[in-house]
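**Student:** As a plain string of letters, each chain reads:
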Amino acid sequence: MTVGGARDRNWRYRLAAQRGALAAAAIFAIMFAVYGAAQPTGLSSDVVNTAANKGALLALVAMAQTVPVLTGGLDLSVGMIFMLTNCLASVIVTGSPVMTILGIAGVLAAGLACGLVNGLIVVYGRLQPLIATLATSAIYFGIALALRPQPGGDVNGDFADLMTRSTYGVPSSVVLIVAAVVLIWMPYRNSTLGRAAYAVGSSEQAAYMSGVPIARAKLCAYTLAGLFAAVGGLLLTCLTYSGEARAALGGDYTLNSIAALVIGGTSLFGGSGGVVGSVFGAFVMRTVGDLLVVFNINPVLQPLFVGVVLLFAVSLGSLRLLRVRNKLDLYR
Amino acid sequence: MLRSLPKIDVATLIAFGCIVLLLLLGGVAKPGFLSVDYLGQQLQVAAFLGVIATGEMIVILMGQIDLSIPWTIGIGGMMATGASGILGTALGVPLAVPFGILCGALIGVVNGWGVAYLRAPSMIFTLGMNAVAQGLMVYHTGGFAPQDRATSLMIELASGQWIPGFSNPLLVWIALGALTVYILTRTVFGRQIYAIGNRERAVFLSGVDSRRVTLIAFAFSGACAAAGGVLLAGWANRSYQAMGDPYLLPTIAAIVLGGTNVLGGRGTYLGTVAGVILITLLQSILSVLQPQDYFASMGIKLPADVFRQVVFGLVIIVMMMLYGREKAMR
Amino acid sequence: MGEGASDPLLRVEGVSKHYGGVRALEDVRFSCRAGSIHALLGENGAGKSTFIKILSGVVQPERGRIVLGGMPVSFPTPAAAAEAGISCIFQELSLLPDLTVADNINIADPLRRLGLIDRTQERRRAEQMLARVGGEDIHPAAPVGQLPLSRQQLVEIAKALARRPKVLILDEATSALTAADVAKVFTLLKQLRTEGMAIVYISHRMHEIAELADECTVFRNGRYIETFAAGTRSDDAIVEMMIGREYSSAFPPLGGTRREGTPALAVRNLSWAGELNDISLEVHPGEVVGLGGLDGQGQRQFLLALFGALIGVEGTIEVAGRPAKIGSPRQAKSPQLGLALIPEDRKNEGLMLPMTVRENLSFAALETLSRFGRIDRKAEAEQLDALVRQLAIKSDGLDGPVAALSGGNQQKVVIGKWLMTRPRIVLLNDPTRGIDVGTKQEIYLLLRRLAQQGTAVLFYSTDYDELIGCCDRVAIFYDGTISRMLQGAELTERNLVGAALNLSSAGERPASNAA
Numbered sequence: 001m002t003v004g005g006a007r008d009r010n011w012r013y014r015l016a017a018q019r020g021a022l023a024a025a026a027i028f029a030i031m032f033a034v035y036g037a038a039q040p041t042g043l044s045s046d047v048v049n050t051a052a053n054k055g056a057l058l059a060l061v062a063m064a065q066t067v068p069v070l071t072g073g074l075d076l077s078v079g080m081i082f083m084l085t086n087c088l089a090s091v092i093v094t095g096s097p098v099m100t101i102l103g104i105a106g107v108l109a110a111g112l113a114c115g116l117v118n119g120l121i122v123v124y125g126r127l128q129p130l131i132a133t134l135a136t137s138a139i140y141f142g143i144a145l146a147l148r149p150q151p152g153g154d155v156n157g158d159f160a161d162l163m164t165r166s167t168y169g170v171p172s173s174v175v176l177i178v179a180a181v182v183l184i185w186m187p188y189r190n191s192t193l194g195r196a197a198y199a200v201g202s203s204e205q206a207a208y209m210s211g212v213p214i215a216r217a218k219l220c221a222y223t224l225a226g227l228f229a230a231v232g233g234l235l236l237t238c239l240t241y242s243g244e245a246r247a248a249l250g251g252d253y254t255l256n257s258i259a260a261l262v263i264g265g266t267s268l269f270g271g272s273g274g275v276v277g278s279v280f281g282a283f284v285m286r287t288v289g290d291l292l293v294v295f296n297i298n299p300v301l302q303p304l305f306v307g308v309v310l311l312f313a314v315s316l317g318s319l320r321l322l323r324v325r326n327k328l329d330l331y332r
Numbered sequence: 001m002l003r004s005l006p007k008i009d010v011a012t013l014i015a016f017g018c019i020v021l022l023l024l025l026g027g028v029a030k031p032g033f034l035s036v037d038y039l040g041q042q043l044q045v046a047a048f049l050g051v052i053a054t055g056e057m058i059v060i061l062m063g064q065i066d067l068s069i070p071w072t073i074g075i076g077g078m079m080a081t082g083a084s085g086i087l088g089t090a091l092g093v094p095l096a097v098p099f100g101i102l103c104g105a106l107i108g109v110v111n112g113w114g115v116a117y118l119r120a121p122s123m124i125f126t127l128g129m130n131a132v133a134q135g136l137m138v139y140h141t142g143g144f145a146p147q148d149r150a151t152s153l154m155i156e157l158a159s160g161q162w163i164p165g166f167s168n169p170l171l172v173w174i175a176l177g178a179l180t181v182y183i184l185t186r187t188v189f190g191r192q193i194y195a196i197g198n199r200e201r202a203v204f205l206s207g208v209d210s211r212r213v214t215l216i217a218f219a220f221s222g223a224c225a226a227a228g229g230v231l232l233a234g235w236a237n238r239s240y241q242a243m244g245d246p247y248l249l250p251t252i253a254a255i256v257l258g259g260t261n262v263l264g265g266r267g268t269y270l271g272t273v274a275g276v277i278l279i280t281l282l283q284s285i286l287s288v289l290q291p292q293d294y295f296a297s298m299g300i301k302l303p304a305d306v307f308r309q310v311v312f313g314l315v316i317i318v319m320m321m322l323y324g325r326e327k328a329m330r
Numbered sequence: 001m002g003e004g005a006s007d008p009l010l011r012v013e014g015v016s017k018h019y020g021g022v023r024a025l026e027d028v029r030f031s032c033r034a035g036s037i038h039a040l041l042g043e044n045g046a047g048k049s050t051f052i053k054i055l056s057g058v059v060q061p062e063r064g065r066i067v068l069g070g071m072p073v074s075f076p077t078p079a080a081a082a083e084a085g086i087s088c089i090f091q092e093l094s095l096l097p098d099l100t101v102a103d104n105i106n107i108a109d110p111l112r113r114l115g116l117i118d119r120t121q122e123r124r125r126a127e128q129m130l131a132r133v134g135g136e137d138i139h140p141a142a143p144v145g146q147l148p149l150s151r152q153q154l155v156e157i158a159k160a161l162a163r164r165p166k167v168l169i170l171d172e173a174t175s176a177l178t179a180a181d182v183a184k185v186f187t188l189l190k191q192l193r194t195e196g197m198a199i200v201y202i203s204h205r206m207h208e209i210a211e212l213a214d215e216c217t218v219f220r221n222g223r224y225i226e227t228f229a230a231g232t233r234s235d236d237a238i239v240e241m242m243i244g245r246e247y248s249s250a251f252p253p254l255g256g257t258r259r260e261g262t263p264a265l266a267v268r269n270l271s272w273a274g275e276l277n278d279i280s281l282e283v284h285p286g287e288v289v290g291l292g293g294l295d296g297q298g299q300r301q302f303l304l305a306l307f308g309a310l311i312g313v314e315g316t317i318e319v320a321g322r323p324a325k326i327g328s329p330r331q332a333k334s335p336q337l338g339l340a341l342i343p344e345d346r347k348n349e350g351l352m353l354p355m356t357v358r359e360n361l362s363f364a365a366l367e368t369l370s371r372f373g374r375i376d377r378k379a380e381a382e383q384l385d386a387l388v389r390q391l392a393i394k395s396d397g398l399d400g401p402v403a404a405l406s407g408g409n410q411q412k413v414v415i416g417k418w419l420m421t422r423p424r425i426v427l428l429n430d431p432t433r434g435i436d437v438g439t440k441q442e443i444y445l446l447l448r449r450l451a452q453q454g455t456a457v458l459f460y461s462t463d464y465d466e467l468i469g470c471c472d473r474v475a476i477f478y479d480g481t482i483s484r485m486l487q488g489a490e491l492t493e494r495n496l497v498g499a500a501l502n503l504s505s506a507g508e509r510p511a512s513n514a515a
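Residue numbers (the numbering used here), protein chains in the order written: chain A, 1 to 332; chain B, 1 to 330; chain C, 1 to 515.
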């Protein structure tokens, strides 16, 4: 085949691989445009900032969820790590700039540690990820509750302001997400451990026979999840200026992160997808809530609409079934 | 594995062993723990979880999962207490219980249809249905706490004792459990459930309609969850927002601690019974032992919930390490 | 042995491996020189798979030594074996379906730059390897799972070669390849042999072994039997070594063509999705009709279409003279139609591996063994006992997991499952692939007996000897349609091959329904 022809095919393959993320991005763009159009002041800096801050929280937790799912696993504790790091931040990310920076480092380290524990239990304990992370989610919630029996605490004001404001119309939270993707995700994606994660999710048996470092890949994946969740926890503290350990909140974030990931095109079976799609999926889910306010629907009905959006997204995936010619493709 | 006699496997044995341990621990920690009355109470509390876990177990055996339990419980409770408002007083009072269960079954049917016919991943689909169920109930109550009261039958079912010595919820659980054991071990449907959990493709090529089996299983799960909600509403004399939320994790934990493989295809009902009793006893022991008082005496003020959660998590990890480990690769 | 015989590059001594109480390997030895192709022969259950799993680090031996290039080695993981220079092409491919061809080829030995994967270099290496194995048409950025099986197998070979191994092991590596691919791979293997690679070749196809091997070793029942130079033993003698008893390569006698009366199955103008085109065929009760032709010409899909597993099938199908709409395997199985399909992949399509032999055997016929949904255990047990005896299924009891059975016995369970439904028409999708010689014989006898009892048998096979030995007629598939029908004296290997390649001799008419 000609060089030009090969390059064409190359682009087509790469595009096909990103299908899910692109679709999620498109849906988000449309929804956000509608939302912005309905605002009295249009897409003002304030409107964008608020939307970005709310969406970024779920986006970070969704990013956290994505990495273990790529390996064919699951992390039901991401919401609780998010809460634990939020409570921890409300305790230690205060005071002088030096103390604040140390506090930030401590919070991120805590997230890494939680993720690592998850990874150790899954890899060396050889427990099913669903069960292992279910158990650790209870433990992390307990720790969060111990840190903050009552909502409260504080955070360094300058730091919080930096993370939550907009500069020249660009929200810091968006910069944070982009930084997380570019500085953490992309190097990971292009590293051997990152590719190994996809391999493990695609077929663990084949990955083993191919000499892929399965244990290290999974450990790294779960640890990275803890890191992303910790960044989210930090951002939450900056937004609320406090820490709160509420079981329902953590559970919600966990389940919503799974939904965001699916909307973003990552397969729950592992092996395909990525963090970028999950980010857009998260923003889609958050924008649903905002659109409800725009259309004057009782916000208490938000779960109904989120649920419908989710069912709709899943059913879209089922449209593929219409083209199925061989029923064997339907069954595992 | 199915045998002509219910065979007790390692996991169930360990679960029952832990139950004995907990009973001893409780007996030491609190006088009267091992009394018939108190144990009877424990079984009554366990029965609520047991009814809910029965349906979920069937779904997990098939290799699926039902995450719509929390709000299906809510629907069961709220539709039962609200039945007279919907069906009118003449029908509403006698039919409250079946109506509540039927609504739960309907949620299950939608779940089953999505998973079996749309081939949607059950985790996501039931998650979505949970949110939809929540939305529907919020709409139904206008966002406020539900005002309806439980019918007298519901109250009877939850707190009465038709057979002396056996609380009614326990009777309900025993009856449901017996039915489930029969289905799983003696019927075509039961074998098909296990087979689907093992290899649905082979089931399809064996000329069995696995989609219908899946749909019925999810309907059953919805009905069981709703039944749990009806019982809860009877117990509290009313239904309340988010009444089912505390039940999702303990349900899955109980099933898994009972030796059922979360990926499907393996597990016995006896194991689930052990798991349910185990979880219930664990929660009781923790409230009896009051570890937070001990820490408070050292000057550290921690809510009781901290210990409940951490111990819950640790127990699951430790027990699963004993019998829930996956095989090593080589 | 060869002139100037050097020390063998790979030497294995006294290796043993047990799984529970089952002896997979007992004190086997093996040696292979650099620059030679050494064939490893044996039935399923002879220990070949376990042996190469040990060599490639997937499994650990309990006893024994492996000496590579004069140094004793041990491989705790597949990565270690690959590091030492042993590359294995497995029968069950070790490819990752969601990753690209380039990713797959490079994943065992990534090329890095600045700590990250160097995709440009990796792509270049992938292209080189693909070219070497004759897969220039495979695009490196294509997701491997979307490629047809024959291309996947080429990628697997390319992947094994990417590490430039000293020892290359091929386990049934050509089973899905087209004839043209196989020729290219053979040329490659001979080239690699000249370059000094030691090649261990496992295959059930005698003609491949005859063409490639320098030496042959036979395993039987986990034990080493003999090593001999290629060509110094007859095929029959080799088979006798493999099965350990006297073996005649005769097939059970054919029943003679009885083709009067209503056909059990009549297919007219069947088409599907562009892969099946206008197929017409009749099978009478008591006939064994074979489907031949090169792999991938639609034979498997045809059987799936008959069994109701495909959507959008056009044309008419008549069962026992009545038109039938077969919309699902459930319908196909129903007593009115009475079809049965022994599928291609017994582990994933024919059996529920963790369930017991009993549960698997009765699964398709459960409705007949039950009333109002309740299983009649006594009836089930009686019928199963009779069936197990009839089929001589060797297992540790009916209540053991079917996963513990050998491949041949597993296939017997699949066949037994369908016999319980008392089918009128039995479809078989390459039933003896990967099965030991002894069980194959039993299956041939079984098919012949079924035919004598009046069942219509339609059976796809990639083995020419089987088609000639078992079938009354053979329909050759080419490009999704039946290009030729062979029977009687015409049914020879030469004609089968010729028809498969769609070579027509003078005066031939393209095939229609064999009337």
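It should be emphasised that the hints constitute simulated quantities derived from the structure, not laboratory data. Watch out, some of these pointers could steer you wrong.
Calculated lysine-lysine pairs in the DSS-like style (CA-CA distance at most 30 angstroms, straight line) [claimed, not checked]:
1. C/325 to C/347
2. C/184 to C/166
3. C/347 to C/394
4. C/394 to B/327
5. A/327 to C/347
6. C/166 to C/190
7. C/347 to B/327
8. B/30 to B/327
9. C/378 to C/347
10. C/378 to C/394
11. A/327 to C/325
**Student:** If a hint holds in the structure, say so; if it does not, say that too.
**Tutor:** Evaluation of the provided hints:
1. C/325 to C/347: holds, 29 angstroms
2. C/184 to C/166: At roughly 21 angstroms apart (the allowed maximum being 30 angstroms), residue 166 of chain C and residue 184 of chain C satisfy the hint.
3. C/347 to C/394: Holds, at roughly 17 angstroms.
4. C/394 to B/327: holds, 26 angstroms
5. A/327 to C/347: Distance of about 18 angstroms is within 30 angstroms: holds.
6. C/166 to C/190: holds, 14 angstroms
7. C/347 to B/327: holds, 19 angstroms
8. B/30 to B/327: violated, 40 angstroms
9. C/378 to C/347: holds, 28 angstroms
10. C/378 to C/394: Between residue 378 of chain C and residue 394 of chain C the Cα gap is close to 22 angstroms, so the pair holds against 30 angstroms.
11. A/327 to C/325: holds, 16 angstroms
In terms of the numbered hints stated before, the structure departs from hint 8 and from no other.
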